[in-house]
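Colleague: Sequence:
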Amino acid sequence: MTGAAALMAEGRRRALSGGLDEGVHLLHRALAIDPAPGIRETLVRILRWSRRFDEADAVLAAGLADRPDHPGLRALAGEGALRRRRPTEAAAHVAAASAMTADLWRIAGSARLLLTDLAGAVAAWDQGRRLDPADWRLAGNILYAANCDPAMTTAGLRRRQDAVFAGMSWPHRPAPRPRAADGRLHIGYVGGCFANHAAARVVLPMIMGHDRSRFRITCYPTLPAPVDPQLLRLRLAVDGWCGLAGLDDAAAADRIRADGIDILVDLDGHVGGNRIGIFARRPAALQIQAWGYLPGTGLPVMDGLVTDPVLLPPAERVDLPAALRALDVPCPTLGTPLAAPPDGDPRTGTDAVLRLGCPARLEKLSDSLLDAFAAILTARPATVLVLQDDLVLDPAIGARLDRWQERHRLAPERLERLARGVPSDYLSMIRSLDLALDTWPYSGGVVTLDLLSQGVPVVTMGGDQACSRTTASILGCLGPESLVAEGRAAWVGRVLALIDDAEARRALRAELRATHAPRLAAAIPATIRAFEAQLFSLAGG
1 MTGAAALMAE GRRRALSGGL DEGVHLLHRA LAIDPAPGIR ETLVRILRWS
51 RRFDEADAVL AAGLADRPDH PGLRALAGEG ALRRRRPTEA AAHVAAASAM
101 TADLWRIAGS ARLLLTDLAG AVAAWDQGRR LDPADWRLAG NILYAANCDP
151 AMTTAGLRRR QDAVFAGMSW PHRPAPRPRA ADGRLHIGYV GGCFANHAAA
201 RVVLPMIMGH DRSRFRITCY PTLPAPVDPQ LLRLRLAVDG WCGLAGLDDA
251 AAADRIRADG IDILVDLDGH VGGNRIGIFA RRPAALQIQA WGYLPGTGLP
301 VMDGLVTDPV LLPPAERVDL PAALRALDVP CPTLGTPLAA PPDGDPRTGT
351 DAVLRLGCPA RLEKLSDSLL DAFAAILTAR PATVLVLQDD LVLDPAIGAR
401 LDRWQERHRL APERLERLAR GVPSDYLSMI RSLDLALDTW PYSGGVVTLD
451 LLSQGVPVVT MGGDQACSRT TASILGCLGP ESLVAEGRAA WVGRVLALID
501 DAEARRALRA ELRATHAPRL AAAIPATIRA FEAQLFSLAG G
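For what it's worth, UniProt numbering labels the leading residue of the sequence shown as 1, then goes sequentially.
Quick caveat, the hints were computed from the structure, so don't treat them as lab data. You may find that some hints are simply not true.
Label pairs and their calculated CB-CB ranges [stated by the list, open to error]:
1. P226 with A340: 24 to 30 Å
2. P337 with R179: 35 to 41 Å
3. A237 with R380: 46 to 52 Å
Note that the coordinates shown come from a computational prediction; the quantities given were computed from them, not determined experimentally. Glycine included, every Cβ here is placed at the ideal spot set by N, Cα and C.
Let the sequences and hints guide you as you build the complete structure.
Modeller: Here it is, written out as structure tokens:
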């Protein structure tokens, strides 16, 4: 082992143990000795974990200047482009690599997904699976894309899951461990969402609200991240904390078994940072899906899915795997608000133009949804549509929106294209809206909660799968349910009626400003208590 290799190994070990700055220092020393691509790749990853993105980009650019077609460096460059929401740039990095790897196919598919090319995305991920059949991320990406398909149903999703996981072998359920002497259940939470502020706003209240006299809690973050105040509060509040980023799936499963977890909870499903390969190894006698991904992963080794009758109506539960139990709670998608609403309604003036907003990720805007937006804008000329996502800066996305406006003869000023920017920009944009339009077929979750918290009504159209009903579930719990319409025609009609009826709009906004916060404050503990009851029921009382 050379000096550079030893420094790289030790730097990675320290970074994965929480010493990100120490890891960066050691990797810089290693790079000074040997500027090999492997050392550079490790340094770039640790810098990104530390959120030192500009420094990571500089290290990567130097490596690409020396080895412009290196597959590993191009994969890192593609990942960076995806993080910045630049799919066209990501695709260019893939094309510049000297050979395709499973990672590069994964990035190619993710770029296609951001460009709303579902078929192209799935084809790329299928190619990656041919190179690495054991890559769970590729299988998960294919299933995530299914949720963006306007034709998808709960039954169709089950068939897609069965097809993706066909031919795999699964371990038997281990025997339940004896209950602890104090009667507490030991719950383990696995997720990359601990490093994601938006997702953490949903997950953290649920974990920190547990009755600690009845539950012992261990968290297993799958991604390294700097310790911020939010994360520090969680670490101090739970019984155990064990990062899994440095462990492969088998080693991580062994660690969880050794910890004696009664019920292991997957917080991510098929979204970024997930480690479904750990769950596939059955480290706990009981394993459930909760909070972060509402349809469930489709893994045959899962025993429970947190849901509600809106997300998963009783008639559709026959489409769940036979061993999977629906764990009903009042509302599985609640979280702490981004901020309190301002004093007074900022949209009580007599503006001549009504501002309609859809601040969701733009890959959620299917062609059929954009056409529905166009029908609304065409029918009511005194309206503008506001989109906010860094994806608007990608040239292919810009061209797609240009074509859409030209096809529907919408003047340039009818569409505001905003980059996301800092959180205050996002909050200001939300407060500038008169009415919000939910996405379909992949409905809003955290974005819906943010809009409602600021008194902005969100009109949703529901759908035929859980991901289409997230906003409907939230409105069913917190109100007002009148904002839920079934089907496109009813949805367009409801939006047009609210555009035309200023008094009804003002009443809805006043209702939200008066009732949303207290209803949310009451709903979160009620949801936690219902979840706890389901956990004890699943564990046999």
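Colleague: Hint by hint, note whether the structure agrees.
Modeller: Hint check results:
The beta-carbon spacing between P226 and A340, approximately 27 Å, falls within the hinted interval of 24 to 30 Å. Look at P337 against R179: about 37 Å separates their beta carbons, and that is inside 35 to 41 Å. A237 and R380 have their C-beta atoms about 49 Å apart, which keeps the hinted 46 to 52 Å range intact.
Against the hints set out earlier in the document, no violation occurs for any number.
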